[in-house]
Each structure stands twice: as C-alpha cells, then as structure tokens.
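All chains, full assembly: derive it from the sequences and hints.
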Amino acid sequence: MKPLRTISSLLLALLVLASSTSFVVGVHLCGGRVDNVAFLEKASPCPMEQKLPPCHHAKSSCCDDTLIVHKAQKLKNDVTHFDLTTHPVPLVIQYPILIADIIPATSTATASFQLYDPPPLHDDRPATLQVFRI
5 MKPLRTISSL LLALLVLASS TSFVVGVHLC GGRVDNVAFL EKASPCPMEQ KLPPCHHAKS
65 SCCDDTLIVH KAQKLKNDVT HFDLTTHPVP LVIQYPILIA DIIPATSTAT ASFQLYDPPP
125 LHDDRPATLQ VFRI
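Per our numbering, the sequence shown starts with residue 5, numbered consecutively.
Hints should not be assumed to be uniformly reliable.
Straight line, CA to CA, 20 Å or less: simulated SDA-like cross-link-like pairs of lysine to any residue [stated by the list, open to error]: (1) K46 / K75; (2) K46 / L71; (3) K75 / L18; (4) K75 / V41; (5) K75 / F27; (6) K75 / F43; (7) K75 / T25; (8) K46 / S26; (9) K46 / V31; (10) K46 / H74; (11) K75 / A42; (12) K75 / S24; (13) K46 / V73; (14) K46 / G36; (15) K75 / A17; (16) K46 / D69.
Each pair of labels, with its calculated beta carbon distance range [said to hold, decoys possible]: (17) Q118 / S23: 50 to 58 Å; (18) L133 / R9: 46 to 54 Å; (19) Q118 / L16: 46 to 54 Å; (20) L19 / D68: 26 to 34 Å; (21) S23 / Y120: 56 to 64 Å; (22) F117 / P7: 30 to 38 Å; (23) L44 / T10: 22 to 30 Å.
Derived by calculation from the structure, the hints in this document are not laboratory data.
Quick reminder that beta carbons are idealized off the backbone N, C-alpha and C, glycines included.
Next comes the structure, spelled out in structure tokens:
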C-alpha cells in the first residue's frame, strides 16, 4: 500500500508540473505517418522533402509539419468583489455527537510496569563525574 501511495503522489506531482509549464511538441508527418517527434523545438524534416529553387512551383507535398503548443495554466485565481447577499451560503446542520462515541465505556487497563523497581545502575563513577574537554 505504501509504494502505491508513493507512486500516486509522484504522478500527481508530475501532472501539476506538466500543467503549470508551457512546452511545444513538433511532429513531422510523412505520408500520413508520424516520422519524427521533437520536444521544445520543430521536428526535423525527412530526406524525402526537397528544397526546390524559387523558379519551380511545388505541388502538394506528402510531408506535413505540425506544432502542438501547450500553454501554461494560471494557478493564481483572480479574486473579485465577493458579496454574501448575492451568494447565499447554505446552512450545514450539525448533529449532536454522543459522548459515548468519543469516550469508550470500557476502562483502560493499568500498566503492570508501574510497580516495577529497576535494578541499580552499575557504572564507572569516576568516569561519569569527570569533565572531558576537547
């Protein structure tokens, strides 16, 4: 259960990071199929796409470049004037809580170690009373 919580918290952190940043994904399509994908820049064209001189008129090419732009979301909300008369607040009914639900009726067991007398300590008295300075 603990690894699941760790993995889910990391995934949610990555989701917040990805939604709060802007990035561009460049995709090069050649013949209707994805040929090249690049993050944060334009995808490089395939060798089939030729550069024609300006005197030639190019017919429709089989290649297509697309840029997918993901814009960052504003995480800061704009606060405007808030009036309670225009926004009625529903009353929340609180039911009385019984004391028996909070405090259990059974008494707690007394600990048996309260009557235990520990053995005397055997230590080196001169070493405990000396002051060691470094």
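These are the hints, each one checked on the structure:
1. K46 / K75: At roughly 16 Å apart (the allowed maximum being 20 Å), K75 and K46 satisfy the hint.
2. K46 / L71: Holds, because 7 Å separates the two Cα atoms, which is no more than 20 Å.
3. K75 / L18: Given pair K75, L18 holds - Cα atoms ~16 Å apart, limit 20 Å.
4. K75 / V41: holds (19 Å)
5. K75 / F27: holds (7 Å)
6. K75 / F43: With a Cα-Cα distance of about 14 Å, the restraint between K75 and F43 holds, given a limit of 20 Å.
7. K75 / T25: Holds, at roughly 7 Å.
8. K46 / S26: holds (15 Å)
9. K46 / V31: Status holds; Cα separation ~7 Å.
10. K46 / H74: Holds, because 14 Å separates the two Cα atoms, which is no more than 20 Å.
11. K75 / A42: Given that 20 Å is the threshold and the Cα spacing comes to 17 Å, the pair holds.
12. K75 / S24: holds (8 Å)
13. K46 / V73: holds (11 Å)
14. K46 / G36: holds (18 Å)
15. K75 / A17: Given that 20 Å is the threshold and the Cα spacing comes to 18 Å, the pair holds.
16. K46 / D69: Judged against 20 Å, a Cα distance of about 8 Å means the pair holds.
17. Q118 / S23: 50 to 58 Å: holds (57 Å)
18. L133 / R9: 46 to 54 Å: holds (51 Å)
19. Q118 / L16: 46 to 54 Å: holds (47 Å)
20. L19 / D68: 26 to 34 Å: holds (30 Å)
21. S23 / Y120: 56 to 64 Å: holds (59 Å)
22. F117 / P7: 30 to 38 Å: holds (37 Å)
23. L44 / T10: 22 to 30 Å: This hint holds: roughly 29 Å between Cβ atoms.
Of the hints listed earlier, there is not a single one the structure fails to meet.
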